[in-house]
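Heads up: the protein sequence lines correspond to chains A and B, in order.
Under the working numbering, the first residue of the first sequence carries the number 1, and numbering increases by one thereafter.
Under the working numbering, the first residue of the second sequence carries the number 1, and numbering increases by one thereafter.
What the hints contain is simulated information worked out from the structure, not anything from laboratory work.
Since the model is a prediction, treat every value here as computed from it, not as a measurement.
Hints are supplied without guarantee of correctness; some may be wrong.
Claimed, not checked - Distance condition first, Cα-Cα at most 25 Å in a straight line; then the derived SDA-like pairs of lysine to any residue:
(1) B/Lys388 / A/Pro86
(2) B/Lys169 / A/Ile94
(3) B/Lys167 / A/Glu35
(4) B/Lys169 / A/Ile97
(5) A/Lys80 / B/Lys167
(6) A/Lys80 / B/Lys169
(7) B/Lys167 / A/Ala37
(8) B/Lys164 / A/Tyr15
(9) A/Lys33 / B/Gly15
Below, each chain spelled out in residue letters.
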Amino acid sequence: MNYIIILIVSAVAQYFLPWWVIAPIAFAIGAWKSETALGAYAAAAGAIATLWVGYATFLNSVNEGIMVQKIGGLFTENIKFLKNLPVTPTFFTIMTIIGSQVAGLSATAGYHFRQLFK
Amino acid sequence: MKFVKFIISLLAAAGLTYALNRPLGPVPALGRLFSPFEGFWQNGESKLDLPPTNLQLEGVQDEVNVVFDDNRVPHVFAKNDHDVYFTQGYLMARDRLWQMEFYTLAASGRLAEVVGERALELDRYSRRIGMADAAKKVYENGKTNKIFDEVLNAYSAGVNTYIKQLKYKNLPVEYKIIGYQPEEWSPYKTILMMMNMRNVLNGGSDDFRMSNALSKYGMEVVKDLFPNYPSNESPIIPVGTKWNFTPVPVPAVPAQTTATLSTSESVAFDVPQHSPEIGSNNWAVSGEKSATGLPILANDPHLQLTLPSIWYQMQLCTPTMNVYGACLPGAPGVVIGFNKDVAWGVTNVGSDVMDFYQIKFKDKTKKEYWYNGAWKPTTMRIEEFVVKGRPESLKDTVFSTHHGPIVYNIASDKNFNQNVPVGHAMRWVAHEKEGTDLMAFYYLNRAKNYDDYRKALTYYVAPAQNFVFASNQNDISITPNGKLPLKWKEQGKFIMDGSNPAHDWQGWIPVDQNPTVKNPPRGFVSSANQFSADPTYPYYLGWRFAPSERAIRINERLEKMQKATVDSLRMLQNDNFNVEARRILPVLMKILNADSSENKNPAYQTLAKWNMKNDANEVGATIFERWIKELRYTVFEDEFPMTDLKAPMAYPSRNRMWDMIVKEPTAKWFDNVSTKNKQETLQDVVKHSFKASIDSLTMKHGPMNPDTWAWNKVKSTDINHLGRLPGFGRQDITNGGGAGIVNATTELNGPSWRMVVQLDKGWPKAYGLYPGGQSGNPASPFYDNMIDKWAKGELNELLFMKSKDEKSSRISGTLKISKK
């Protein structure tokens, strides 16, 4: 349930607000409805991962993957070990880690915030 | 315990979010950059992506209709001048905003603000040569011309209307990666953009290199090796053309023509070498030579190739104008193009318009300098540099004399503080505030005939250009045009004496006395950056123009051409014949193989069989180009070191060297002065340089092989991103050409726009393309879509519409802009 709520609320919110709005949303949902710390983390991390990967996949396919290839070329020129990795999966992974960690950790913090008052 | 858990988890979450939302050193804010809702993913574009079809904008006075063709060229139909330039600004910003701003940051010496320390030296140089300062003055002076001011302001308003509605997610991706925001546009920034062109095309000097040569070898040697007119020239104005004017008196040559103080100690410039070979080709054939009976005009300006592209195609239409052509992002109007009646194009004039004066200061404060027998005050300007990644800004003091700013580099600052302080002041045409270059294009865009063309040219100042022209009244013409200083002979060939009034620039060549020719008997006009006119022209323009090979080739082909078509001119633009090889290769081969020792050498055999064309697959071109470079180095680097840090010099021209090989085979310059007890001969030098060329090619590309040694592989043309972002350019493009070739494609430079226009009594037919695409967005299919066609030497037919309602299968979208 939390997973669905975070997914929908942050999809709408990110349309109008900066990317970091996922942190307060995950925090609020984590505080409001979570049963366990791990549950809070998983729902939020999963929701943002789904949302970001889903949306980015759409944008990427519309653009036939050109943008991610260009950005890939740019980063691999500066960070050599990236050269040996396939660009598209690598950039989806980096994106997923960023989004899911911010959301997951925020939801966990929300859950612990709620515990203060129990 | 609960509290601790909360605090720890909160710090982790907040800390991570905060860290990802701010830049770390050169790394931009990663959270924002990777978020699909805001970051780089948003910059992806699809082929189907068409801009919105209706826009309501504050700032237009009436309805504007824009039609996009299949190459995403906007065709703007407006009801008045204001709206057409407003829309031009708006659309250029939409496609090229980052690039436009980048040029202005470069010209005003502010790149370090966005890219940090590594741009600081370049910024210091840009500030010292005073481009920002000059841009302000040009605008202040120009805005008294009401049309000029209105055009620039309408254009600015269009750019700003676009910028104002931009959100982070729609920013060009370069802003996201480097991490900054666009600033407001203004007419001043358009002038800065033009300053950039002045610097690229007119911003170099050989003065200090020539002074070094003079102080080492004396005037006789310099006169011999660095003559004022080459032996093989084919000038722009055909030899024998009458000068239909009474020349104004030219200032007398003073007794002393160069600076008197010792130069060797104090001159250590970072000023780039004069490079007239950043050149271009243009020509027009008259109706007598064309298949249609009316003129055909061609132009290909050569510049350093970049992505986003230097040019942007547009059609601009109002009730009083309908023009199509290549525009410069950041500037209103069409720079190279055509309308119903006329076509025009430009190439650079390599005249000497940047001179240096040695200045004697009274003391270390540099507040006064010696001039005409008295101390004269300098003016002082403090330049402040904000550098990304530095907590505090840096300051630099720039002093100016009546000549211009004092330019010197850091290394020589030390020299200034010892004994008598000596500086060098720059006199540069780019500082001229008079005139309004853009008005020349404004009037050309509306020109109907030859007289309109001549009138338009009077507005133009710098960088001086060879304006080629053709009309459907069967007139053709070419005019090396711009504000050209009235100099005594050889004035500014060497560093001059800043205290001597006779060394000042003392006036200008009257603009109607700039060299020009209309409908010459030979039936064509052309230019390839060579000398504007032969020595019968009454004024001195400079001693070094681009080498004449391109001009010789263009003129000999046009001479023979009959019933010319668009395609014959297109093929001439792609001509790869090596005129220099025709002249000197047989001579060099004979010297090389005088004792038949090279008969079996495969490199020698390849050269012997070479068709003398710099085609993409030719190995002969690879060997020849490498060889003559090596040969020139071997002959002259010992006596005229280009790379000497203390006293760099320039090599005599290639033309001079070929003359020497043929006519003075025993000249002392063939001896290598750094080998003691040994006297090298011409034959030694030729043999040695040939061997060295083959060795260095083998080292770099392996043993000789038709694939790895093919000319295009060795030359390897790259079109890099303007901001040098790796992955955003295109490398190793397959094509032929070379520096002295009509198809002047080198490692980094080349034809930045190719255009051929066939004039017509009814409606012209035009063809053109540039190596890039209309969009500045690296992820757009229109970012580099014309490169492959360009490399093959093909042209696109340009869609020149009669009205907004014209039907064409090439129309891919429309946009209606109405008043908000």
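Hint-by-hint comparison with the structure:
1. The suggested pairing of B/Lys388 with A/Pro86 is violated, with an alpha-carbon distance near 32 Å, which exceeds 25 Å.
2. In summary, the hint linking B/Lys169 to A/Ile94 is supported, as the alpha carbons are separated by about 19 Å, within the 25 Å threshold.
3. Distance hint between B/Lys167 and A/Glu35 is unfulfilled; the C-alpha atoms sit about 38 Å from each other, more than 25 Å.
4. About 21 Å separates the Cα atoms of B/Lys169 and A/Ile97, which keeps this hinted pair within 25 Å; it holds.
5. As the CA atoms of A/Lys80 and B/Lys167 are separated by approximately 32 Å, the hinted pair breaks the 25 Å bound.
6. For the suggested pair A/Lys80 and B/Lys169, the alpha carbons sit about 28 Å apart, so the restraint of at most 25 Å is broken.
7. Under the criterion of a C-alpha separation no larger than 25 Å, the hint pairing B/Lys167 with A/Ala37 is inconsistent with the structure, at around 36 Å.
8. Between B/Lys164 and A/Tyr15 the CA atoms are separated by roughly 19 Å; this keeps the pair inside 25 Å, and the hint holds.
9. At most 25 Å may separate the alpha-carbon atoms for a hinted pair to count; A/Lys33 and B/Gly15 meet this at roughly 24 Å.
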